[in-house]
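Enquirer: Between the sequences and the hints, there should be enough to build the whole structure, so can you do that?
Same order as they appear, the protein sequences are chains A and B. In this text, residue positions in the first sequence follow this note's numbering: the first is 2, and each later residue adds one. In this text, residue positions in the second sequence follow this note's numbering: the first is 2, and each later residue adds one.
Calculated directly from the structure, the hints in this document are not laboratory data. Don't take every hint at face value.
Which copy is meant is left open, so a pair is good if it fits within one copy or across any two.
Claimed, not checked - As a list, the in silico DSS-like pairs of lysine-lysine whose alpha-carbon atoms are at most 27 angstroms apart:
1. K150 to K109
2. K45 to K109
3. K158 to K109
4. K168 to K109
5. K168 to K85
Next come the chains, spelled out residue by residue.
There are 2 protein chains.
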Amino acid sequence: MKRMRIVLIVVGSLIGVVALMAAASGPPDGGAGGEAAAAISGGKLPTGYRDWRLISVAHEAGDLNDFRAILGNDVAIRAYREEKLPFPDGTIIVRLAWSYIASEENNKVFGRAQSFVAGAPINVQLMVKDSRRYAATGGWGFAQFKDGKPADEAVHKTCSGGHESAKARDFVFTHYSP
Amino acid sequence: MKRMRIVLIVVGSLIGVVALMAAASGPPDGGAGGEAAAAISGGKLPTGYRDWRLISVAHEAGDLNDFRAILGNDVAIRAYREEKLPFPDGTIIVRLAWSYIASEENNKVFGRAQSFVAGAPINVQLMVKDSRRYAATGGWGFAQFKDGKPADEAVHKTCSGGHESAKARDFVFTHYSP
Numbered sequence: 002m003k004r005m006r007i008v009l010i011v012v013g014s015l016i017g018v019v020a021l022m023a024a025a026s027g028p029p030d031g032g033a034g035g036e037a038a039a040a041i042s043g044g045k046l047p048t049g050y051r052d053w054r055l056i057s058v059a060h061e062a063g064d065l066n067d068f069r070a071i072l073g074n075d076v077a078i079r080a081y082r083e084e085k086l087p088f089p090d091g092t093i094i095v096r097l098a099w100s101y102i103a104s105e106e107n108n109k110v111f112g113r114a115q116s117f118v119a120g121a122p123i124n125v126q127l128m129v130k131d132s133r134r135y136a137a138t139g140g141w142g143f144a145q146f147k148d149g150k151p152a153d154e155a156v157h158k159t160c161s162g163g164h165e166s167a168k169a170r171d172f173v174f175t176h177y178s179p
Numbered sequence: 002m003k004r005m006r007i008v009l010i011v012v013g014s015l016i017g018v019v020a021l022m023a024a025a026s027g028p029p030d031g032g033a034g035g036e037a038a039a040a041i042s043g044g045k046l047p048t049g050y051r052d053w054r055l056i057s058v059a060h061e062a063g064d065l066n067d068f069r070a071i072l073g074n075d076v077a078i079r080a081y082r083e084e085k086l087p088f089p090d091g092t093i094i095v096r097l098a099w100s101y102i103a104s105e106e107n108n109k110v111f112g113r114a115q116s117f118v119a120g121a122p123i124n125v126q127l128m129v130k131d132s133r134r135y136a137a138t139g140g141w142g143f144a145q146f147k148d149g150k151p152a153d154e155a156v157h158k159t160c161s162g163g164h165e166s167a168k169a170r171d172f173v174f175t176h177y178s179p
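Expert: Right under this line is the structure:
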């Protein structure tokens with residue numbers, strides 16, 4: 002009986018600790034970003050990035066002709082909502098792009114050609130803040146993935162130049178949409 | 002000593018149960034949707050809806066001229082990813098709309114007028130699945146909020162008619178974007 006009670010105490014406490022850890026971890030990979038950042042620098046898309054929260058949306062017409070959703074990990078979302086600049090280390094911003102297509106089924110409902118939706122995925126781009134590791138490019142590391150595979154290093158080297166013009170906002174173009 | 006051990010067993014088990022409940026609840030209000038659904042039927046926006054995960058994006062041109070992001074609670078996201086139709090009770094889909102504006106700062110970077118972003122918020126619309134409560138309208142309750150305040154009942158009565166044309170997809174227009 003005595004041994005059984007001790008076992009029960011230990012089991013009860015272990016359940017408590019494990020469950021508390023699970024509760025504290027929040028949404029998958031939405032946390033501190035260390036694991037996600039390591040995945041990106043290792044040429045992999047971070048697990049669970051598609052579950053990150055929405056920052057805003059955009060449409061690039063012209064040659065790009067895409068629809069965009071910009072998501073952020075927990076560090077990014079917190080910084081945006083607290084209007085904190087520069088973004089703290091651990092921030093990861095991910096930009097999903099799909100083709101920009103007219104929705105025939107929606108247009109039927111509206112009775113005119115006015116509805117545009119996201120089509121096939123184009124690619125995924127990420128910005129990772131690590132002020133030491135990426136000191137040469139404003140503290141940001143850049144990555145692009147297509148079908149889950151990283152682009153050549155040559156592509157990544159072009160990113161920071163484009164973002165230079167957003168220097169006043171820590172090289173980030175996207176504003177948060179409430 | 003005997004009483005102390007029993008107390009420890011009870012406390013250990015309680016910690017386990019409470020923490021497991023917390024772990025199971027997931028992100029804020031992203032869970033079963035009961036609390037969120039009650040808020041909506043009570044004329045309130047559900048807490049934490051802005052933290053829900055992204056289903057897709059859209060643009061309505063013409064008179065609406067808006068940018069849209071469609072988010073879903075956990076039940077909605079799971080049903081979309083498992084391609085489950087009809088959507089189960091507890092599904093909540095929220096459509097955020099902002100004005101559709103040209104981004105002068107982005108256009109400067111691209112060197113041409115091609116960039117469109119989300120401007121000021123317009124309104125928020127929600128669909129709540131409760132097959133008993135909303136049996137008369139295909140199992141869906143509809144709500145619209147502007148600046149956090151619900152629209153008149155007259156507005157809500159117009160919603161189900163519009164969604165009728167998407168009957169084959171359980172009255173939901175938006176497709177999931179991977």
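Enquirer: So, for every hint listed, does it hold in this structure?
Expert: Verification of the hints:
no., hint, in the structure
1, K150 to K109, "neither (37 angstroms within a copy, 30 angstroms between copies)"
2, K45 to K109, "neither (41 angstroms within a copy, 32 angstroms between copies)"
3, K158 to K109, "between (44 angstroms within a copy, 20 angstroms between copies)"
4, K168 to K109, "between (44 angstroms within a copy, 14 angstroms between copies)"
5, K168 to K85, "within (14 angstroms within a copy, 45 angstroms between copies)"
In this structure, the earlier hints numbered 1 and 2 are contradicted, and the remaining ones agree with it.
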